[in-house]
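Asker: Order-wise, the sequence lines are chains A, B, C and D.
At position 145 of the first sequence the residue is numbered 209 (this note's numbering), and the sequence of numbers has no breaks.
At position 120 of the second sequence the residue is numbered 184 (this note's numbering), and the sequence of numbers has no breaks.
At position 193 of the third sequence the residue is numbered 257 (this note's numbering), and the sequence of numbers has no breaks.
At position 229 of the fourth sequence the residue is numbered 293 (this note's numbering), and the sequence of numbers has no breaks.
Wrong hints could be hidden among the right ones.
The list makes no distinction among identical chains, and a pair is therefore deemed to hold if it is satisfied within one copy or across any two copies.
Claimed, not checked - Okay, derived cross-link-like pairs now, DSS-like style, lysine-lysine, Cα gap no bigger than 30 Å in a straight line:
no., residue 1, residue 2
1, Lys315, Lys139
2, Lys245, Lys217
3, Lys315, Lys217
4, Lys246, Lys274
Hints listed in this document are in silico derivations from the structure and should not be mistaken for laboratory results.
All figures in this text were calculated on a predicted structure; none of them were measured in a lab.
As a plain string of letters, each chain reads:
There are 4 protein chains.
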Amino acid sequence: MNTRILILLFQCRDRKGIVAKISDFIFRHGGNIITADQYSTDPQAGHFFMRVEFQVKDSPCTVASLERALASIAKRFRAQYKIYDRDKRLRMGIMVSAADHCLMDLLYLWRSGELRADIPFVLSNYPRHQEIVEQFNLPFYFIPAHKRDRREKDILKIISPASDFLVLARYMLVLSSNFLKKYGKDIINIHHGFLPSFKGADPYRQALEKGVKVIGATAHFVDNKLDAGPIISQEVEYVSHKDDLSSLIRKGRNLEKQALADAVFSYIQRRVIRYANKTIVF
Amino acid sequence: MNTRILILLFQCRDRKGIVAKISDFIFRHGGNIITADQYSTDPQAGHFFMRVEFQVKDSPCTVASLERALASIAKRFRAQYKIYDRDKRLRMGIMVSAADHCLMDLLYLWRSGELRADIPFVLSNYPRHQEIVEQFNLPFYFIPAHKRDRREKDILKIISPASDFLVLARYMLVLSSNFLKKYGKDIINIHHGFLPSFKGADPYRQALEKGVKVIGATAHFVDNKLDAGPIISQEVEYVSHKDDLSSLIRKGRNLEKQALADAVFSYIQRRVIRYANKTIVF
Amino acid sequence: MNTRILILLFQCRDRKGIVAKISDFIFRHGGNIITADQYSTDPQAGHFFMRVEFQVKDSPCTVASLERALASIAKRFRAQYKIYDRDKRLRMGIMVSAADHCLMDLLYLWRSGELRADIPFVLSNYPRHQEIVEQFNLPFYFIPAHKRDRREKDILKIISPASDFLVLARYMLVLSSNFLKKYGKDIINIHHGFLPSFKGADPYRQALEKGVKVIGATAHFVDNKLDAGPIISQEVEYVSHKDDLSSLIRKGRNLEKQALADAVFSYIQRRVIRYANKTIVF
Amino acid sequence: MNTRILILLFQCRDRKGIVAKISDFIFRHGGNIITADQYSTDPQAGHFFMRVEFQVKDSPCTVASLERALASIAKRFRAQYKIYDRDKRLRMGIMVSAADHCLMDLLYLWRSGELRADIPFVLSNYPRHQEIVEQFNLPFYFIPAHKRDRREKDILKIISPASDFLVLARYMLVLSSNFLKKYGKDIINIHHGFLPSFKGADPYRQALEKGVKVIGATAHFVDNKLDAGPIISQEVEYVSHKDDLSSLIRKGRNLEKQALADAVFSYIQRRVIRYANKTIVF
C-alpha cells in the first residue's frame with residue numbers, strides 16, 4: 065500500500081470559514097488530518113497561518129495535483145500556500161569555521177537517523193574538519209576565506225546548486241547582502257548570545273562584562289542586518305559571578321547545540337513560518 | 065452586537081474526516097474558529113481529541129441548540145462532546161489546611177481578574193484564614209476536621225451545592241472514596257512533591273533523605289489512590305546538598321503555587337481532558 | 065546562653081594567606097565558622113572577596129569590638145570590611161506604582177517570617193494600595209508623583225530617615241541623579257525585561273515586537289544610567305509566537321516576583337557585593 | 065617556575081576552629097587558597113566537609129609530604145582527608161551497550177581538552193562502536209556479555225588494572241555485587257529516568273504511562289541496590305501529552321548527556337563527596 069504524509073502551509077488575512085474550507089478540501093481528497101495547527105495574529109482582523117499534516121492512502125493525488133486543486137480556494141482567500149511531501153528530504157548545506165561542537169552535533173544527529181535531511185557538503189574556512197567529515201562519508205570543501213577575502217563567489221558556486229537551505233554552524237565571517245541575494249534560500253545561523261543583547265563579536269565576553277546572571281544562544285534566519293534576522297529558537301542557562309570566560313564558553317556550547325538543533329528540526333519538519341521579522345514555530 | 069466565544073470538546077476513536085466535519089459544522093452555524101487543537105494517541109487506530117474555540121457573532125445559536133445540532137455528527141463517530149460558553153464562570157471551591165501560600169496566590173489571581181472563576185467559599189480545618197479570606201469579601205467556613213474525624217458529611221453539605229469543582233490548596237487530610245463519590249465532580253490537588261516519587265506525607269523530607277538534585281510539585285486530579293490521580297502540571301527546580309528542609313520547603317512553595325495556578329488556569333479554560341489516567345492539556 | 069551569628073564581608077587585592085589570617089582571627093575570638101565563601105577575580109593578581117558567617121557563643125565580643133580588632137589585619141591587606149549581626153534587621157522601604165504583584169509578594173513573605181527585615185513604609189504614587197498595606201499593619205504613604213512633578217523632596221523626607229535600603233517594587237518613575245545622591249543608600253529595582261535587552265518603557269512590548277523566544281526579569285541596583293546598574297538576579301521563561309502582550313505580562317509577573325524576592329533575600333543576608341558594575345552574589 | 069594546584073578534601077565531626085586550622089596549615093606550607101568550600105550537615109553537631117583548592121609555588125612540598133604534615137591536625141579532629149594534584153589525570157574507563165550518544169559526548173569533550181582525564185579503554189557488549197572509538201585512537205574491547213552470561217571476570221581483567229574509576233555510559237547489564245566488590249573503585253552510571261521514580265528497565269515508557277509532565281535523567285554512583293546509589297546530578301525537561309515514546313527518548317538523550325557530563329566533570333575535579341547515601345557536590 066501507498067501511504068504518504070503531506071504537509072500544507074497556508075496563510076492569508078483571517079476570515080470566517082478558512083479552517084472549515086481547508087479541512088473539507090483535505091477530506092474530499094482522501095486525506096486524514098493527523099495534526100493541524102493554526103495561529104492568528106488577531107482573531108478580529110489579523111493574519112492567519114495554518115499548518116496541516118495529513119495522511120493520504122492509496123490515492124492518485126500528487127503534491128502537484130493537490131496544489132492545483134487548492135488554487136481556487138487560495139484565490140478566494142488571497143492566500144499563499146504550499147504542499148510538501150514529508151518524506152522528501154531537504155538538502156542541508158553546512159558551513160563552519162574553527163569551533164566544531166555544533167557541526168559534530170548535527171553530524172551525529174544525522175547519522176543516528178533523527179535529523180531527516182541530506183547533507184550535501186560541509187564547507188569550512190578551516191581545513192581541520194576534513195578528517196572527521198570524511199569519516200561520516202560526506203564531502204568536505206576547504207575554502208580559505210577570511211575577513212579581507214570572503215571568497216563568496218567560490219562558495220556560492222559550491223553551495224547554490226547543491227543545497228536547499230544553509231546552516232551556519234558557527235561560521236564566523238559575515239555574509240554580504242549580495243551573497244544572501246544570490247543564494248536566495250533560507251540560511252539559519254547560530255549566534256552564541258542571547259539576542260537582541262550581545263550582537264556581533266565575542267558575545268560571551270560582552271555578557272561577562274555586563275555581569276548578567278543568565279546566558280543564552282539564539283538560532284535565527286540570516287538577513288541583511290547583523291544578528292537581527294527572525295529568531296527561531298533560544299536556549300538559556302543561569303550563570304553566576306564564578307563563571308569566567310572559559311566556563312561561559314563551555315556552558316554556551318550546550319546552549320548553541322540545543323538551539324541550533326531545535327531550529328533545524330523545526331525547519332525540516334516545515335514548522336517554521338517567517339512573518340514580519342518574527343517566526344511562528346508550530 | 066452580541067459576540068460570544070464558545071468552546072467545543074470532542075473525543076472519539078480516530079477516523080478520517082473528523083476535523084473536516086467539525087470545522088464545517090462550526091462554519092455552517094456562523095462560527096469562526098479562533099483556535100483548534102487536536103491530538104490523536106495514534107494516527108492509525110488511536111483515540112482522537114479536539115478542542116475548538118470559536119467566535120459566534122449575532123447568531124441565535126445557544127450552547128444547547130448547538131449541542132443538539134452536533135448530536136448526529138457525534139453519533140456517527142460515537143463521540144463524546146460538550147460545548148461551553150467561555151464567559152460562563154465556573155464556581156471554584158477552595159479547601160486549605162494550615163499553609164496559606166497557595167490560597168493567597170489563588171485569591172490574588174482571582175482579585176486581579178486573571179483567574180476567571182467565582183470562588184463560592186474557602187473552607188479550612190484551621191480557623192486562622194478567616195480574616196484574610198473575609199478581606200477578599202469571600203465566605204469562610206471553619207470545620208475542625210482532623211485525622212480521626214474528617215467531618216466529611218459536614219463538608220459535603222457546604223461544598224456540593226456551591227461548587228462546580230474543588231481545589232485542594234494544601235488540604236492535608238485524605239478524602240475518602242465515599243467523599244469523592246458523593247461530591248462527584250473534579251477535584252484538583254497540589255502535591256508538594258515530584259510525583260510519582262514521594263507520595264504521601266512529608267515529601268520534602270523524603271526528597272532530602274534521598275539526596276535528589278531536583279525537587280518538584282505536582283498538580284493532579286484526585287482519585288481513589290493516594291497521590292496517584294492524573295497529573296495536570298508539574299514544576300521543578302534544581303537544589304543542592306546545601307538545601308536543608310526549610311529551604312526545600314521555601315523553594316517548594318513557589319513550585320506549588322506555579323503548578324497549581326497553571327493547572328487551575330488550564331482547567332478553567334477547558335484545556336484539560338482526562339483520558340486513561342493521564343491528561344491531555346491543550 | 066547567648067549565641068549570635070555574625071557575618072563578615074571582606075575585600076582586598078588577592079594575596080597569599082588572607083583566608084588563613086581571617087579564619088585564624090575568627091577562631092581566636094571564639095567564633096566557629098558556619099560557612100565561608102570567597103571569590104577572586106583572578107587567582108594571580110585579582111581582587112579578593114570573602115563572606116564568612118560565624119557563630120559566637122557566650123562571648124563578650126560585640127560587632128564594634130570585633131571590627132576594631134580586625135583593623136590591623138585589614139590595614140596590612142589594604143582591605144575594606146564590615147561585620148554585621150545577622151539578627152539585626154534591616155529597614156526595607158518599598159516604593160510602588162500601579163502594579164501590585166511584587167508588593168503583595170514581598171508583604172506575604174514578610175508576614176510569613178521568611179523575609180527577615182522590617183518594612184517601615186510602603187510609598188506609592190497611586191492611592192489604591194492603602195487598604196491592603198494597612199491590613200498588614202504597615203504605614204502607607206500616598207505621594208501623587210508623576211512625570212512632570214516627581215515630588216522627590218517629599219519622598220526623600222519620608223524615606224531617608226526611615227529606611228536602610230529601598231526596593232522599587234515596580235515604581236515606574238525614573239529617579240533623578242540628585243535623588244540617588246541624597247538618598248545615598250542602596251536601591252534595588254525590578255525591571256520587567258531581560259537586561260541589557262529591552263531597557264526603558266514597555267519591555268514586554270519590545271520583546272513581543274522582536275519576536276524573542278525567551279522573556280526575563282532583572283533585579284538590579286539603581287544607578288545614574290537607566291536600567292543599567294549592577295544586576296543581582298535574573299529569571300527567564302520560554303515563550304512562543306502564541307504569546308500576546310497580555311500573556312507575556314502575566315508570565316512576566318512570576319519572573320518579576322521571583323527575581324526581586326531572590327535579590328532581596330540575598331541582599332538582606334549580606335550575600336551581595338557590588339564590584340565594578342557587577343555583583344558577586346555568594 | 066613550578067606552580068601547582070593542589071586539592072584537599074577533609075571531613076570530620078564539626079568543631080570550632082577547623083577552618084582556621086586548615087587555612088593556617090596551608091598558609092604555613094606556602095599555599096595560597098584559590099577557593100575553599102565547606103559544608104556542615106548541622107552547625108551545632110553535624111558532620112563537616114571541606115574542599116580547598118590551593119596554589120603552591122616554588123615549594124619543595126609534595127602531595128605525600130603535605131599529607132604527612134596534615135596527619136596531626138587530622139588526628140585531633142578525627143578527620144579523614146586526602147590531597148590531590150589537580151593536574152594528575154584520572155584514568156576513566158568507559159562501558160557502553162548499544163546507545164552511543166553518551167559515549168560520543170564524552171569522547172568529544174575528551175578530545176576537545178575540556179574533560180581532563182585519560183580514557184584507557186571503551187568496553188562494550190556491542191561490536192558496533194569499534195570504528196568510532198578507534199578514530200579517537202582509543203582502545204576498544206568487545207566482550208559479548210548478555211543477561212545470561214555477563215562475562216564479569218573477563219571484564220574485570222581488563223578494567224581493574226587500567227582504570228581509576230568507571231563510567232557506565234548507558235551500559236544496560238546490571239553489575240553483580242561481586243563485581244562491584246572486586247572492582248572496588250567508584251562507578252558512575254547514567255540512568256535515563258528521574259530517580260527515585262522509574263527505576264529499572266524502560267524508564268521513558270514508565271514515564272509515558274504515568275503521564276508525567278517532566279522527564280529527567282540521573283547520574284549516580286552504583287551500589288548494590290538497583291538504581292539507588294547516591295545521586296550526583298540530575299537534569300529535567302518539561303514534556304506534554306504530545307510526546308510519544310520516541311520523542312521522550314530523543315529529549316532524554318540530551319538530559320542524559322548533560323547529567324553524565326556534569327557528574328564526570330565534578331568527579332574529576334574532586335568536587336564530589338559521598339556521605340550517607342547522598343552526595344555533596346561542591
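Asker: Take the hints in turn and mark each one as holding or not.
Answerer: For each hint, the structure was consulted:
{"no.": "1", "hint": "Lys315 / Lys139", "result": "neither (49 Å within a copy, 39 Å between copies)"}
{"no.": "2", "hint": "Lys245 / Lys217", "result": "within (12 Å within a copy, 59 Å between copies)"}
{"no.": "3", "hint": "Lys315 / Lys217", "result": "neither (35 Å within a copy, 39 Å between copies)"}
{"no.": "4", "hint": "Lys246 / Lys274", "result": "between (38 Å within a copy, 26 Å between copies)"}
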